[in-house]
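Novice: Chain by chain, the residues:
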Amino acid sequence: MAMTIAEKILARAAGLHQVVPDQVVTARVDLAMSHENADLVRKSFLEIGALRVWDPTRIVIIFDHRIPAESERTAATHKAIREFVAAQGISNFYDVGRGGICHQVLPENGHVRPGMLVVGTDSHTITHGAFGSFATGIGATEMAGVWCEGALWFKVPHSFRIDVQGQLEQWVSAKDLILYIIGKLGADGADYRAVEFDGPAIRRLSVASRMVLTNLAMEMGAKVAFTPVDEELLEYLRPLTPQKIGSIAPDRDAHYERIITIDASREVSEPQVACPHAVDNVRPLSELGEVAIDQAVLGSCTNGRLEDLEVAARVVAGNTICERTRLVVIPASQQIYREALHLGYLETLVAAGAIINPPGCGPCVGVHQGILAAGETCVSSTNRNFVGRMGSKDSQVYLASPAVVAASAVAGRLAHPASIVQEDPCLMEI
Amino acid sequence: MPDGNLKLRGVVRAVLGDHVDTDIIYPGRYLNITDREKTAEHLFALSYPEIRGSLAAGDFVVAGKNFGCGSSREQAAAALKFAGVGAVIAGSFGRIFFRNAINLGLPVVIAPEARAGCAVGDQLEIDLGAGEIRNLTGNRSILAAALDRKCVELLAAGGLIPYLKAKRVA
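Taken in order, these protein sequences are the chains called B and W. For the record, in the first sequence the residue sitting at position 233 is 233 according to the numbering used here, with numbers rising by one throughout. Numbering-wise, the numbering used here comes out as the position in the second sequence, counting from 1, plus 430.
Accuracy of the hints is not assured; some may be wrong.
Between beta-carbon pairs, the in silico distance windows are [as the list claims (entries may be wrong)]:
(1) B:A75 x W:A486: 35 to 41 Å
(2) B:R82 x W:G568: 52 to 58 Å
(3) B:E270 x W:S571: 31 to 37 Å
(4) B:T241 x W:D465: 35 to 41 Å
(5) B:G89 x W:K597: 22 to 28 Å
(6) B:G318 x W:D465: 31 to 37 Å
(7) W:N569 x B:P358: 58 to 64 Å
(8) W:E543 x B:R266: 36 to 42 Å
(9) B:D263 x W:E543: 34 to 40 Å
Note that these hints are calculated values from the structure, not bench results. Using N, Cα and C, we set each Cβ at its ideal position, and we do this for glycine too.
Put together the whole structure using the sequences plus the hints.
Specialist: Below you can see the structure in the form of structure tokens.
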């Protein structure tokens, strides 16, 4: 019987010829990723009474949520994890200053490949579907079980296919497309589902932009999300790993619970913004009127990659950040930081008045490095605008593309990048 | 839950809306607390701090759809459990929260009509295995989904840790 991508990977990992939606299977895990919450995992692991992890080469640990340590408590957590990692012989460990955001570091270092079953103690683990892997978030105790046994039970999800026709217009990015889709389907519109994105508009996207789609599929409840494994992706992966890179695609007559077709040129003709306090509260930018901005944040596992810093640098080049606004920039990884330094993007951003945070989650989780006060409004390229997410419960967060974040930082209010950029638009193809 | 008992009786202490996300249940600023018991101090800290103080052991929290959407933080389920919540009954759940709850031995019940069919103070009886809720105060039944066998097995063991512990001994 024909299978979707999710069904194929689960069948393979469960040692079965075929699986069907709603079937519960026990599958072997190919890669298990954790960040600072590895400390919770460690505690559950020891409580179970286990001594050695099932396979240290399949575990990756990356510090990103609180780096460098913002408190004594976090410093102690980091230390405990370092000691555990050394004792267990886990060599895939990315300490402070060695990696960055886990969802960037994992692919950057060749850890994810098509067809793999990946679990991570972070909801945005779903991002790695952009590399053709079945990647999903789990909790800490569940991860302790994986560390013990190398396997986990899964309910085979039903699959949605989202077919995106047309193309993304100037100043419309993958972020705008996925915000539009979340607005259309709702915050639980893809609950428990596997989502396959495909179509000409998707296949034209860079790997970094595809990661934006799979990353934010979490915000409509998806269990896993995929973009196509094509030459664009394989070219990206080849230099990163000596391992053989497989391919995976759905069978032609695979069954989808729902097929959604979107004409990007017509339906997403301008930047989209998720308004407070829900990711599915999405409106076209032009409908929002005057929204004054205190802080603009460019970064996160959603939009902190090189192309995001590049477009922001282009928007602010020759401009100054508005006096009433702070622009906080967070490269997603050390590698991106270095590339952005080398290419001059950070020079441009800092010259305009931006502050650069170390590669990590920054203020997105509401811990440090750019917390909002009561009454403040933020435009952010991150992924959640829940009440109190980035600070005070009386602050407001608008989610938008990197270009809109940069333009808004210059204008001091939500702004379309075209209203800021003076360049010949023909040269501004992004 | 009390040692694998699949039949629960308790009082509804809170009735919440749709999309109660994990930042509402347990704000990100407290994520560096990794002692499960201590997480209870910050349950609903930003938006509904009064709920925590009102909870008695075994009380139920009822909500609309997509309860626990958002982050994978296990502290959201731990905070509810260690604040004394006996079960969460919601129209639907964010999938990671749902698994976390089961793994920590906190019963979660999918019942789309529960929010309309319950008020604060109502006494309920829940049969987790059969998927039945009886509102004793209102004298009516509320339809609930039966839990998957795997989830019942984990809850009956008291969560994933005792389940795996027992398995290692066996």
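Novice: Could you work out which earlier hints the structure fails to respect and list their numbers in ascending sequence?
Specialist: Result: hints 3, 6 break, sorted rising.
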